[in-house]
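Peer 1: Mind docking these for me? Both chains are given alone in their own frames, and the hints should help you get the complex.
Residues per chain, in single letters:
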Amino acid sequence: AQSVTQLGSHVSVSEGALVLLRCNYSSSVPPYLFWYVQYPNQGLQLLLKYTSAATLVKGINGFEAEFKKSETSFHLTKPSAHMSDAAEYFCAVIPAGSSNTGKLIFGQGTTLQVKP
Amino acid sequence: GAVVSQHPSWVICKSGTSVKIECRSLDFQATTMFWYRQFPKQSLMLMATSNEGSKATYEQGVEKDKFLINHASLTLSTLTVTSAHPEDSSFYICSARIVGANVLTFGAGSRLTVL
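Protein chains in written order, with the numbering used here: chain A, 1 to 116; chain B, 1 to 115.
Think of the hints as simulated: they come from the structure by calculation, not from any bench. Using N, Cα and C, we set each Cβ at its ideal position, and we do this for glycine too. A couple of the hints might just be wrong.
Okay, derived cross-link-like pairs now, DSBU-like style, lysine-lysine, Cα gap no bigger than 35 Å in a straight line [as the list claims (entries may be wrong)]:
| id | chain 1 | residue 1 | chain 2 | residue 2 |
| --- | --- | --- | --- | --- |
| 1 | A | Lys58 | A | Lys69 |
| 2 | B | Lys64 | B | Lys14 |
| 3 | B | Lys20 | A | Lys68 |
| 4 | B | Lys20 | B | Lys64 |
| 5 | B | Lys14 | B | Lys55 |
| 6 | B | Lys41 | A | Lys115 |
| 7 | A | Lys115 | A | Lys58 |
| 8 | A | Lys69 | A | Lys115 |
| 9 | B | Lys41 | B | Lys14 |
| 10 | A | Lys58 | B | Lys64 |
| 11 | B | Lys41 | B | Lys55 |
| 12 | A | Lys69 | B | Lys41 |
Label pairs and their calculated CB-CB ranges [claimed, not checked]:
| id | chain 1 | residue 1 | chain 2 | residue 2 | range |
| --- | --- | --- | --- | --- | --- |
| 13 | B | Lys41 | A | Thr77 | 18 to 26 Å |
| 14 | B | Lys41 | A | Leu46 | 43 to 51 Å |
| 15 | A | Thr77 | B | Ser18 | 26 to 34 Å |
| 16 | A | Lys69 | B | Thr17 | 47 to 55 Å |
| 17 | B | Cys13 | A | Glu66 | 41 to 49 Å |
Isolated chain B, as found in the complex (with noise of 0.2 Å):
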């Protein structure tokens, strides 16, 4: 079946830094990948929306210069958080959606703690 992994699983920062997360479809190509971000306890809440070739689309109120957005390949997407503050300490997951069909898989999450 479809399987998307994400890289790293867990990361801890510094403030300040940059971080890179990425969003693999491992046997399928994924012409579009989402991102969302959970905070504890909560539901998802999308970030943005990753196409292959061109920019990423962000919902209202994410700041693109903040959370950097790649989808170079048909099978990888990155997430990049530049400048992280404790305030964006949260798991983050991706899911890849497979053409031609409604339905999303998701990748495991990747925990960030900005320190």
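For reference, chain A alone in the conformation it holds in the complex (with noise of 0.2 Å):
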């Protein structure tokens, strides 16, 4: 079954330092692929997407994530980290086959922690 896997479940930067956070999509077809933050106690929001358009997409808040194919990744990253920062974060993917469903697969997540 197509699946994501984050490595790390926790990572921990400082304030203004660059954030990277790593996907990794199991699939022999480029994927539908996602990234959502999650703020405790709550639902998630959508922070950019992969839709087979350009390889390096832009979200909101300052993040973007690249598209490789020959790695078959999709990491998030984030410049300058800021202590809003702090959060969940979840790659995700839409199954080959299920495009028209919206079936969302979730990586395992990353507890992003900012440090003063």
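Peer 2: What follows is the structure, given as structure tokens:
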């Protein structure tokens, strides 16, 4: 079954430092890929999505992600972390054959801690 | 923008009772809604796909008699946890798909605690 793997359940950076959250997908066909952010006791907010257009995708709050087919990766980055970026981040994929349904499969999640 | 509302956001119930959680798309119609379950510090697990006017499609391992899903209108899906037990305590999140777009809008979640 198609899936995404997030390397590192917990990432800690200093305020102002680069943020890098890793996500690898398992698929022979480039899927639809997403990054979501979740703040405590809240639902999910879409940061950005890849839908086979540009490989570098810009999202909200200064985040961006690059789709690399050769590495089957879709890592999330932000040049300079802000305290408000501390949250849980989920990489997600729409499995092949489910593009018409919107069904999402989530990675394990990465907790981002931002230190002052 | 598209907004999905979940109600209640918090619910505490006694073991053996049933609890209903509502998921509403406020400013758009959603023929398909999804229900996820999230345990503390864990990812979201898809429970079922709710289709307006038809039976829900449950993921493997999810008890359909335990988690009743009804999608009676284009703006409302409900999840009923029947005969709830402490192990059903969790954060339940719904999402709705905007027709024609591969983007899901998520509700704020409903935290269920079964005593």
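Peer 1: Would you pick out the hints that fail for this structure and give their numbers low to high?
Peer 2: Violated: hints 3, 10, 14, 15.
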